[in-house]
Amino acid sequence: MPAIEVNGLRKAYGSLEAVRGVDFTIEEGEVFGLLGPNGAGKTTTVEILEGYRKRDAGEVRVLGSDPERPAPEFRERIGVVLQQAQLWPNLTVRETHAIFAGYYRAPRDVDEVIALVGLREKAGARVKTLSGGQKRRLDLGIALVGDPDLVFLDEPTTGFDPAARRAAWEMIRSLRSLGKTVLLTTHYLDEAEQLADRVAVMREGQIVRVGTPRELTSTDLQTEIRYRQNGEEVLVRTDEPTRVLAELTSAAVARGEELEGLQVRRPSLEEVYLALTAEQEAEVEA
Amino acid sequence: MSAEAIRIAVRRPARRLLLHQLRSEQLVFWRSREAAFFIFIFPLLLFVLLGSVYSGHYQGVPAAWAVLAGLVGYGCANTAFAGLAIQLVVRRENGILKRLRSTPLPPATYVVALLVSTLAVFALQTVALLLLGRAFYGTPFPPDWGSFVAIIVIGAAAFAALGTATASAIRSAEGSSAVVNFILLPMAFLTGSFGPVHKYPAVLRAIGDVLPLKYFVKLVNAVYLHGHGFWTQPGALAVLGAWGAAGLVFTVFKFRWEPRES
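Just so you know, the sequences run in chain order A and B.
Take the first sequence: its position 280, counted from the start at 1, is 280 in this note's numbering, and no numbers get skipped.
Take any residue in the second sequence, note its place counting from 1, add 286, and you have its number in this note's numbering.
These aren't lab readings, by the way, just hints derived from the structure by calculation.
Just so you know, even glycine gets a beta-carbon here, dropped at the ideal spot from N, CA and C.
Be a bit skeptical, because a hint or two may be false.
Said to hold, decoys possible - Which residues of chain A face chain B? A few of them, derived with a C-beta cut under 10 Å, are:
id, residue
1, E50
2, E76
3, L82
4, I99
5, F100
6, G102
7, Y103
8, G118
9, R120
10, K122
11, A254
12, R255
13, L259
Said to hold, decoys possible - Pairwise CB distance ranges, derived in the manner of DEER restraints:
id, chain 1, residue 1, chain 2, residue 2, range
14, A, A12, B, Q312, 39 to 45 Å
15, B, V413, A, R10, 43 to 49 Å
16, B, R457, A, R10, 34 to 40 Å
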């Protein structure tokens, strides 16, 4: 059974259609990235799946439950990291974990979770003394303390410095090795590329592409071949890189020339993403 | 499994959750120095101060007794109304309430634990007032403990309903304590919590006459100073109950768990 199934999901706030017919499926144990610019409908989608918001239309199953009418154990089995959440500033890291652990029937060991999120040295420290990155790890810790099967991470590294982001990525990878299903929203492409088994690109309330990061980069944009001829940069975009490259190189060999600075490169996910999210503007211009 | 066994299986974790949340609330309250000072200590300091200012007799009893009764009233409004309202707004706008909603903790358990925790703080404060009064000013203990406990619970419930209603009406955490104190302090002065109001202009006394704290102080005076049963004050109970009911209705319709959209 898939962990999450979404069909024809729609949600409007007044006249603003935040989610306009979204479909996707997330398998158990999968890390799924929901990628898109601000205002694309990512958070609305995730908050419907978490049970915070009612949908206007569509079918939603999360761990076999409809989140609007969840089974009693639904909240025992999910862990949530919200975009913005502050906890009690005067409690310690361990006390905060212990409070949340007390809400679950079968929580994980508090000190084990604190070590997992890398806060062992801070276990006795007050929450108000933590850095921004450490507070985010605390958020993750209390989302994991109930030993959930499914973890929602809404923009888990927004506002992090590069070192803190790498540390967070390591933690999210460790969730996969624990067998958790993870739904991650992000507007960082490298984050989706690094962490997600599959990525859905959202734009204006719709999913415009779903696939593994490799599929996305191989299907959408042409391969680029660059070289210099007579001091001028030449760029060839092609769907048939093998044939084009063979023609170029054999022609050059026949002329006895060197193709200076020859490069063949696949588009990065970033370029695919920019192309996907720019389509709308192109349509408007046309 | 028999029906009885199922009921026990369902109830046990509910009671465990309630106790856990009650302990958590108490930890959060006492760990916050600002809350512990302004909500718990401040009325005690005011009592010691005002008790030394007023002398002679008032309402047929030594002035310090009446000051104590007024401060029980102020303590109730300060703890159950102002303290609860500010805590709820801050927790809502910080996303703590929203965060808790994703856990298996039932909302009803959360609310009950918060109310019982607030009542516990107020009850402890009242005991501290009685002990301080006895030590410094020779004030008596309540002549009828049953009625005294009853009005403490009734007052805390009514003001807690007004506190949750006020939290529902306040939109942001910034300035929430200013708004709440702007209601609390004039109410305390106009209703006689800090001393007699008979020299106030008629219009101010008329405003005081519709405020709930006036009727709670009246109940405390009747029960604590004059040894009447709490049921001998049906008018005061009715006004207090009406305010509490209005607060409850407003809360039910307007309370939000989530912060304002940014």
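Checklist entry - Any hints this thing doesn't respect? Which numbers, in order? => result 8, 9, 10, 11, 12, 13, 15, 16
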